[in-house]
Structure formats: C-alpha cells, structure tokens
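Residue numbers (the numbering used here), protein chains in the order written: chain F, 1 to 221; chain U, 1001 to 1117.
FYI, nobody ran anything at the bench for these hints, they're computed from the structure. Even for Gly, the Cβ is constructed at its ideal location relative to N, Cα and C. Please note: incorrect hints may appear among the correct ones.
One-sided and incomplete, this derived list gives chain F residues near chain U with beta-carbon spacing under 7 Å [as the list claims (entries may be wrong)]:
(1) Ser47
(2) Met51
(3) Leu54
(4) Thr55
Looking from chain F toward chain U, a few residues come up when the C-beta cut is under 10 Å (computed) [said to hold, decoys possible]:
(5) Lys40
(6) Leu49
(7) Lys56
Taking lysine-lysine pairs in the PhoX-like style, the calculated list, with each CA pair at most 20 Å apart, reads [as the list claims (entries may be wrong)]:
(8) U:Lys1064 to F:Lys40
(9) U:Lys1057 to F:Lys40
(10) F:Lys56 to U:Lys1109
(11) U:Lys1064 to F:Lys56
Spelled out, the chains give:
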Amino acid sequence: MIIADKKPVEEIIDMVKGCKKILIAGCNECVTVCEAGGKKEVGILASTLRMYFLTKKQDVLIEEVTLERQCDHEYLEEIRGRIDRYDAIISLACGVGVQFMAEKYHSMPVYPGVNTCFLGANEQRGLWTERCQACGTCILATTGGVCPIARCAKRILHGPCGGSTNGKCEINKDIDCAWQLIIDRLKALNKLDDYEKIMPLKDWSTDRAGGPRKVIREDIQ
Amino acid sequence: MRLKYPASIKIILVPCTGKVDILHILRAFEKGADGVYAVGCMEGDCHYNSGNLRARKRIEQAKKILDFAGIGGERVQMKNLSSGEGPLFARYAVEMHEMILEMGPNPIKMAKKKKAA
Chain F
1 MIIADKKPVE EIIDMVKGCK KILIAGCNEC VTVCEAGGKK EVGILASTLR
51 MYFLTKKQDV LIEEVTLERQ CDHEYLEEIR GRIDRYDAII SLACGVGVQF
101 MAEKYHSMPV YPGVNTCFLG ANEQRGLWTE RCQACGTCIL ATTGGVCPIA
151 RCAKRILHGP CGGSTNGKCE INKDIDCAWQ LIIDRLKALN KLDDYEKIMP
201 LKDWSTDRAG GPRKVIREDI Q
Chain U
1001 MRLKYPASIK IILVPCTGKV DILHILRAFE KGADGVYAVG CMEGDCHYNS
1051 GNLRARKRIE QAKKILDFAG IGGERVQMKN LSSGEGPLFA RYAVEMHEMI
1101 LEMGPNPIKM AKKKKAA
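Start from the sequences and build out the full structure, keeping to the hints where you can.
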C-alpha cells in the first residue's frame, strides 16, 4: 500500500494561514491503514487546529469528512454540494488523492496534510518499510521475490556490490543488502542456479524516467 | 474506607485504560474539561498485557498536542495503581484537583465564553 507520514502541524497551519473555513478530508484506504490520514487522524488534526485557533483567538471553522477514496471520481463527488462553504481543504490522502481533489475542485485551494513516502508493507506496529518502486516491469519472478530495484540502494541487477558487508548495505548498517536477501531466498527455494543467469537489459521505459505514466485497459473501458 | 475525593472529578469507566483513545482526551478538552487523567493498573500488571502502556503513549501524545495548542500538557496525566490502593486513588484525585486549581480553567472554555458573549 501507499505509505504516508504525518506532516508537522506547524507546517499545516502555515499553509492555511488566513483561511476562515477549512475542511479536513481523510481517506479510508492506504492512509487509514498506515494511520496517517484516516478518520481518526482527521479527528485528531481537526481537534488540534480547533483548540489552537481558539487559544490564538482566531475564528476559524474546522469541519471533518472522510471519503472512501480520494483517487476515484465517485467518492470525491460526495462533497461537491458542500465544497463552496470552505476557503481551503486539507487533504490527508496520499499525493494522488490531494491532486485528484485539486483537479476536481479547480478553484479550491487543496493542501496536503501528510507526506506521501513510498509503497511499502507494515512490518510491525508503527514500522513500515519500502518494498516496491512501481517500475512498471516486475522482475520478482527471477529475484526470489525480493526486489533489487526497491531494496538495493543502487538498484543493481546482478548481485551485490562491493559495499555489501555481513548482509548489510554500505549506506546504512540497519539496511539489509537486497542481493544478500535474494541469494538467501534463492537458496531456500533451491533455485540458486538462477543467480548465475545473466539478466536481460531491464525495460526502463515503464519507469518514472519516461515521464508520468498511464495504464490503459481497453478490456474494461 | 469511606475515602473522600474532590467532587469536581467525573469518573468515566472503561474496561481497560487501553480503551482510552487520544480523541477521547482531545474532545474532553474541546468540550471544556480542565484536566483529564487516566488511572490504569500498575505497569506490568495489565490484565490485557499492554493496555496501560498504550494508554501512557496516548497520554504523552495528548500532552504534546495540548502544549502546542496552548492549553498546557500538564493538564493530562497518567496514573498507575492497583485495585487495592483506594487511598492512593483518592490522593491522585486531590493532587489533580489542586494542580488544576493552580493552573486555572481550560483556556478553550474561556475562549468559547468570550466568543459567545
């Protein structure tokens, strides 16, 4: 899922400076699961801002809503009827949701309430780690289910670099060397011969370097 | 034991302090509470293993928010005692009551009153 982290409240307050009516919009999907932008986080931020503005003697109306998703037209439409009441929206969705909201409500300032970080997994409570860089051409079948694009600092495709020491990456001793993980996993799968195979050139045209990407599925259009 | 504690304390029963959510605390202050404290079991003695430890973390989080909002993080506290410590329960209530009297009313309450006037 998409992992996001909370933005400092000071930064959010700075963004909405001068606004008198603010809607805080959460999202029920990824940001709810990673506890950065769901209904509860909307409540906490709204409560914090209400108390902050009251003690600063500023008359600011803060309202809350949490949409099923902010990356789908139909759910964003749910607030169309009330959108004119506000001076600004703070979206606690990922960067996709913030942008989709801004596109839909063109003349309404939409501010991000979280920092969108990466595609990752919930390793344990309060710990999320990156697993995928959405490069568009998945090679996990040949790397034992461990992605060298997302998990190797150098994104290399043919074994560990010289910086790999005791299974850890040279950039940080707390980071596993992705290629060590790949070799360990290939061993466990009894497929270590795959490690000897020369990988073909990876098709990077589907990666971010080619500019913003699209997936077109004519079969479901 | 017929112990006395200040009448200003309103008790809200929860099955475990682990049930206390940060939103419960924040909403209490928004509604005008002058102080909130959670009384949990002794650390290490939680019937649900870690409920009181989770509550402590939420109290710490609430403290930071209240400090930021200008209300005062001291207004929210975590206390631990065992079910056999009635006198300590009463003492905590008195301590909390006195601390709040010293700090004065919740600024939110005052701001709301001014706004309504």
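Now for the hints, and whether the structure bears them out:
Hint status for F:Ser47 relative to chain U: holds, with the closest Cβ pair at about 4 Å, below 7 Å. Proximity of F:Met51 to chain U holds as hinted, the smallest CB-CB distance being about 4 Å (cut-off 7 Å). Because the smallest distance between the Cβ of F:Leu54 and any Cβ of chain U comes to about 4 Å, under 7 Å, the interface hint for this residue holds. With a cut of 7 Å, the hint placing F:Thr55 at the interface with chain U holds, because the nearest CB-to-CB distance is about 4 Å.
Interface hint at F:Lys40: satisfied, since its Cβ lies 6 Å from the closest Cβ of chain U, which is below the 10 Å cut-off. A hinted interface residue such as F:Leu49 counts as satisfied when its beta carbon comes closer than 10 Å to some beta carbon of chain U; here the least separation is about 8 Å, so the hint holds. At about 7 Å, the closest approach between the beta carbon of F:Lys56 and any beta carbon in chain U falls short of 10 Å, and the interface hint on this residue holds. Straight-line distance between C-alpha atoms of U:Lys1064 and F:Lys40 comes to about 17 Å, which keeps the hinted pair within the 20 Å bound.
For the suggested pair U:Lys1057 and F:Lys40, the alpha carbons sit about 16 Å apart, so the restraint of at most 20 Å is met. Under the criterion of a C-alpha separation no larger than 20 Å, the hint pairing F:Lys56 with U:Lys1109 is consistent with the structure, at around 13 Å. With a CA separation close to 17 Å, the supplied pair U:Lys1064 and F:Lys56 stays within the 20 Å bound.
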